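*Asks:* Knowing the structure of chain A, use the given hints to seat chains B and C on it.
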Amino acid sequence: MSALTSLDFWAFVGVIAGIYTIFALGLQVQFGFTGLMNFGHVAFMAISAYTMAILVVKVGLPLGLAALAAVVAGILFGLVVGLPSLRLRADYFAITTIAFAEIVRHVALNWDALTGGSQGTIALAGPLQAASYNTAWVDFQTRVGGWLSPILGEDPNKDLVMLFIVWAAALVLLVLVQYVIKSPWGRVLKAVREDEDAAAALGKNVFSYKLQSLALGAGLGAVAGLFYAFQFSFFSPNDFEPLTTFFAWTIVILGGTARNWAVPVGAVIFGIIFAGTRFFEFAPFTLFDSPERAYLRLVIIGLILIALMAFRPQGLLGKREDLVFE
Amino acid sequence: MKELVQLLANGVVSGSIIALAAVGISLVYGILRIVNFAHGDYLAFGAFAALLVNVTWGGSMVLATVFAVLATAALSIALELVLWRPMRRKGAGVFTLFVTGIGLALVLRHLLFLVATAEQRRYDVDVFQVYDIGGIRLSQSQLIGVGLSLVSLLLIALLLARSSIGKAMRAVSDDVDLAAIAGVNVDRIVLFTWILAGALAGLGGVLAGLLQSAFDPNVGFVLLLPVFAAVVLGGIGSAYGALVGGVGLGIAMELSTWDALAGGLSPVWKPVVAFAVLTAVLLFRPQGLFGRAATL
Amino acid sequence: MSSATALLEVRDVAKRFGGLRAVDGASLDVARGSITALIGPNGAGKTTLFNLVAGHYRPERGTVRFDGRSIGGRPPHAVAGAGLVRTFQHARALTRLTVLENMLLAAPAQPGERFWRLFVTPGAVRRRERTIEARASELLRLVRLEPLAHDYAGSLSGGQRKLLEFARGLMREPEMIMLDEPMAGVNPTLGLELLELMRSLRASRGLTFLMIEHDLEVVMGVSDEVHVMNQGRVIASGPPETIRRDPQVIDAYLGTHGGAPPEPVEGPV
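Chains as they are written, first to last, in my numbering: chain A, 1 to 326; chain B, 1001 to 1296; chain C, 2001 to 2269.
Since the hints were made in silico from the structure, they are not lab data.
Keep in mind the model is a prediction, meaning the values are calculated, not measured.
Glycine included, C-beta positions come from ideal geometry on N, C-alpha and C.
A few of these clues could be false.
[Unchecked claim] Some chain A residues close to chain C (C-beta under 10 Å, calculated; not the full set):
| # | residue |
| --- | --- |
| 1 | V180 |
| 2 | G186 |
| 3 | A191 |
| 4 | D197 |
| 5 | A198 |
| 6 | A199 |
Chain A with its partners taken away, still in its complex shape:
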């Protein structure tokens, strides 16, 4: 019970929610605004996280540059996925995106020399060297902590600083996406979602716009991947399974697929369900051991998805009329 009132715990939940907000926002752009069923979104997270880690640890690039390159890599991978597969029917596009994401995960798992293999980034180099991207981040974090000391007091809690940074980024990105969606460019995306043929008849290159939407979403997924890497220090291919993408979908659907601002709400609810139930040390949760609680959580998430599809496809915050799909 004490965990529920601990600051560390809620800061952790908050950081997860923030990372997932950015991650799910990418999906929101791709599906909510353009109608693309991308179920391999986690690939962009993985590519970004690994690119950053490899560039810092093996190539010795400074963190800022490596992070930028990582986001670019994510966007480029978006183009790689989109070019061959965007012409497919929705569910076959979905399966192809999953296949691409699994290829990325398998490569990360098996190309030990490049990625550290199944052990993850801890095996990228010798122990001290492997931590270099994390120590660089901690340095940055400490500096930000210094700037925030007027608000948070001297030597603020590391998790609180992280919380601040992630949500500041999330906010900036939410505003950015809002601007872009309300613009003429965003209008074309929505038209593509509504009726591709009508959009094409009005002179819009539908394929190009779908690709752009996929790329923007990929960039957002890549940013989320960076924060994931910084939050968890070391990561491995297991962190980038299809399940992560399904979580993002749950968030997007939960919030209501047509609204940007519902994404953080969905992410927070999801964060609470997910991280929160880990710490519920009271009945009926104590009936289950920890691994079983993990399975139970996933059963519940599966049921939530089915229930949403069956009874409230517009999500908690969406309106029936705004329903983006049938």
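*Replies:* What follows is chains B and C alone, placed relative to chain A:
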């Protein structure tokens, strides 16, 4: 040369099991135009149903397999009546049904984890019995696997081609409205298709469990993407295509390890081979080998 | 009809669907600045021909030239980009966009449709948006849809959606518009106003119209030239009076109307 033939044989064995699942998915897709993302977990259900009979209750593998087939068919019926049909009646479209499949997959798989834990399981069979047929070495499990698969697939092919219910299934698959006008009871055909798909999945799950040295509740999901690759390779909506695609993919995956091909890939890359095939087919021949171009 | 003046030249195009030859060697010209009609019984292949010209389908053979350039087989957005706009038989209003958004979407040369311009030249984007909003309102007023500008297009009736499509097409400032049954579902008074609008646009901007229409009175009254299609081919072309008396045309219609196409309506159209 000998190694090549061995690899081909292994490929046919593993491919025939992929084909079982692929045909099931294809039949459902042909009738309902939906991709059931939970199909892999129908397989896992079958594998564990057999485990219950074979290991927990001490029954023979034959009994376990029969039980698994029946149990998975029953699961399939139950889900059609409780979930898929009501969703269709509500007018659920491609996206809604796809996400429903994902939710169902999560539920089924993790219920299995809850009940059976993540412990690696194996059936109570003699794994050391190996047969040498003309220089090719195949274990008892492999022989049973390929034998049962090919017989079942043959029966399904005959059913589709010759029986009246098979004709009805093909009619519904071609044009559901016309079939209904012609007097076909579409709901019954849909249910029958699910029964077939469930039975095939149940059998496929048991065989998959037999062939791997050990398995856990992920056994179906791990196969799912290679199965999709097989469906796409064979041609979406074509059950015969799924058969060919399954065996073909199995062979391709095995051959990728052949050291005559520039040293051959390590077996860990086999799933990547499957995904690469999926991508390549969608790029260059989206209708697959036997599919209808219009469906994409 | 010399090809020197033809804005649209279609020569021997064909398209098959399975065993059905929807268009089987059709040829026609549309003169610049004309109002040309395409008529024919149901199933003659008119909409398929539109789809072939507009790039929705690839012709199996034959050529399509617009303003001297070949557009046969080019994708729809390229055809629209070349100055040829089409409307659909069943109006495709973008339902979850507002009426105004539908219109703004059609405006050509909005730099804000390029992603990078949103950040590099936001001022130009805003200015263009204001210009096109004014133009959109003006066009919406012409088709009596201005009061509904901020409603979702999905809430419009069938006839209203047709009008929206028409206005949206004009918004694109094309050289030529292909209208697929523009009068269907539109009330007669408004229909007459549309025809008047077409005439005045032809006069003031030199806009060219090609329309598929079943209302033969309308067609005969307003068209400069009429092409008649039957069974995938253009069987007759010429001014309305000639077409009316053409025995092949009468034959084609005998199956559906049981008589010659009706007398044209002269009057305040």
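*Asks:* All hints, please: hold or fail.
*Replies:* So, going through the hints one by one against the coordinates:
Hint status for V180(A): holds, given a least beta-carbon distance of 6 Å to chain C, under 10 Å. About 9 Å separates the beta-carbon of G186(A) from the nearest beta-carbon of chain C, less than 10 Å, and the hint is met. Taking 10 Å as the C-beta cut-off, the interface hint given for A191(A) holds, the closest approach to chain C being about 5 Å. The interface hint given for D197(A) holds, since its Cβ lies 7 Å from the closest Cβ of chain C, which is under the 10 Å cut-off.
Contact between A198(A) and chain C, as hinted, is supported at the beta carbon level, the nearest pair being about 4 Å apart and thus within 10 Å. The restraint placing A199(A) at the interface with chain C holds, with a minimum CB-CB distance near 8 Å, inside the 10 Å limit.
Taken one by one, the earlier hints all hold for this structure without exception.
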